[in-house]
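Given chain A, work out where chain B should sit, using these hints.
Here is what each chain is made of, one letter per residue.
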Amino acid sequence: MTTQTPKATATRPEQPAKAPSRVLPEIPTWRRRLRPYLLSIPALVIVIGILYPFVVGAYYAFLNYAAVNPNPHFVWFDNFKSVLGDQVFWSSVRTTAIFAVVATAVETALGVGLALLLNRSSFIGKIFEKVLILPLMIAPVIAGVIWKLMFNPQFGILNHVLGLGNTFDWLSSTTALWSVILVDLWIFTPFVAILVLAGIRSLPKEPFEASEVDGASWFYMFRKLMLPMLWPYILVAVIFRFMDNLKVFDHIYVLTAGGPGVATRTLQIGAFEDSIINLDYSRGSTYMLLLWIIVFITARYLVSVLGKAQRRAAGAES
Amino acid sequence: MALKMRRSELLPGQKRLSPGSVVADVGLIGWFLFSLFPIAWMVILALKNAEEQTTTYFQFSPTWSNFATVLSDKGTQMTSVDFKAALLTSLLNCGGAVIVSLVIGIPAAYAAGRWKYKGSNDLMFQMLSFRFAPELMVIVPLFVIYNQIGLFDTKVGMIWVLQLVTMPLVVWILRSYFEDLPADLEQAALLDGYTRTRAFVMVALPIVRPGIAAAALLAFIFAWNNYVFPLILADSNAGTVTVAITKFLGGGGQAYYNLTAAAAIIAALPPLILALTIQRYLVRGLSFGAVKA
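Same order as they appear, the protein sequences are chains A and B.
Taking my numbering, the leading residue of the first sequence gets 1, the next gets one more, and so forth.
Taking my numbering, the leading residue of the second sequence gets 319, the next gets one more, and so forth.
Worth flagging that the hints you see were computed from the coordinates, not collected in a lab.
Every value quoted in this text rests on a predicted model; they were computed, and no experiment measured them.
A hint or two may mislead.
Here are some of the chain A residues that sit facing chain B, going by a computed Cβ distance under 10 Å [claimed, not checked]:
#1 90
#2 154
#3 288
Using N, Cα and C, we set each Cβ at its ideal position, and we do this for glycine too.
The following block holds chain A by itself, in its conformation from the complex (with noise of 0.2 Å):
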């Protein structure tokens, strides 16, 4: 992989066919040495012009910048103290944790659970696994209005299937957390199931053929072998699902918008509203920056576990 040009044989371009004798000097070592930065310059730009807002939105959270203070000074830690000195941000705080810890365990388990039948199913499982993505490509703003028409207490589908008569609120501030949740594990299932599925494809035959012949039991073979094979793949699919739940908006916005109250008032949600419905750009800043470092801690631990799983993955195969 860290092969670099032939050697010396750049030949003319304008007369390849006729000249193959004639050998050019070979390209300077600078040249090449620069070849990848020049290539790379572009998706740089890209890079700095979106770093760019990023860094301002950090600035912003030291700032009192608001649409009705539109000259702001530099006010230090005020923002930290008022935000981390509210009970609204730490029930956000809270929400976001029990939706991406739920959210993401029953994904995953429900995920490992469908890869595992789908290996194991006869001919339904093929047809099955075409239309496993559906619910998965459809943008989560749509799956949230579909849902919100089934939840609808008086004429929606869900009740009346249910036998759950026409007073049943789906989205009440008791019950409004665990429905977003199953909204999003109607979506997400599917990723965590497509990944693994993969991955039991990729395994090695050898070691479950080695140990039916020992005598092993399913259950042993399944957790002294492959799920440790199968570790990289769910922790790929963890990480996945974990860190698109910790910053989850969409399907949330359009089935409740945070409420009722504050009960599905996650971080994402909650800078929405200070910063775009209340205008007060400061103080969603600090909401994003404190869940900015959430996810790059949560995401330097979790890329840490995954590099040593796929160590002793690769120990284990070998």
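This is chain B only, laid out in the frame that chain A set:
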């Protein structure tokens, strides 16, 4: 025989149509009832007429008229949502964003996949971090900046901000494809007298073409499905289908549930069709090249 059963044999004791496979089938049917019911219900709702939309569940006389209404001027007057315009805007925004990402992303992905150079990993991980960063961290300042420099509610502004979605996807997926590409192939072309650029265009690009197509289509899907960016950074001029669809539920006025369902189906169709065409590459794409299925 052994070859035919290879896939299902990874776990011990697996045979087609064994008791185990029947149990698995039953479990799968349970999941797919849950998974497909909301979609089936949307189709039913979209086929109902205005009287049936809230009064019946499964009894109705199917009509296609809702789809036509949603896309017509009459529908725009009824619901005050110009869905046709939103579809066109989505198409232009997402198509533009994907093209920009490809033009800029392919060289960067090639450089990162072919050579190890200082700073390569930093650039790649910076890209990846965009995938995981909370969107509002960037959008709130952009909301202020766009309003100041006049990019608010413009397609150019949307294409620019959508790079946050499409660029990491394109670069990471394509890097994994370029890494898998043997360098020998291009070297052979160089020996035959190709220039470096021609070797890339004539040899490397055609081989990774399926990867490019998959990355482009997946980037298009994610851009199409994006909601936060147009919600905050666009209004009537650059508003997309994802924003338009929520307006059907709109406050105050009369609710047109059957039209909402029809619009939801229209808006969901392009990503679904594209996803089915690149199904083979989905796992690799969705995991940013981390899982090579």
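Here is how each hint holds up against the structure:
1. 90: violated (18 Å)
2. 154: holds (8 Å)
3. 288: For residue 288 of chain A, the interface hint holds, since the closest Cβ of chain B sits about 4 Å away, which is under 10 Å.
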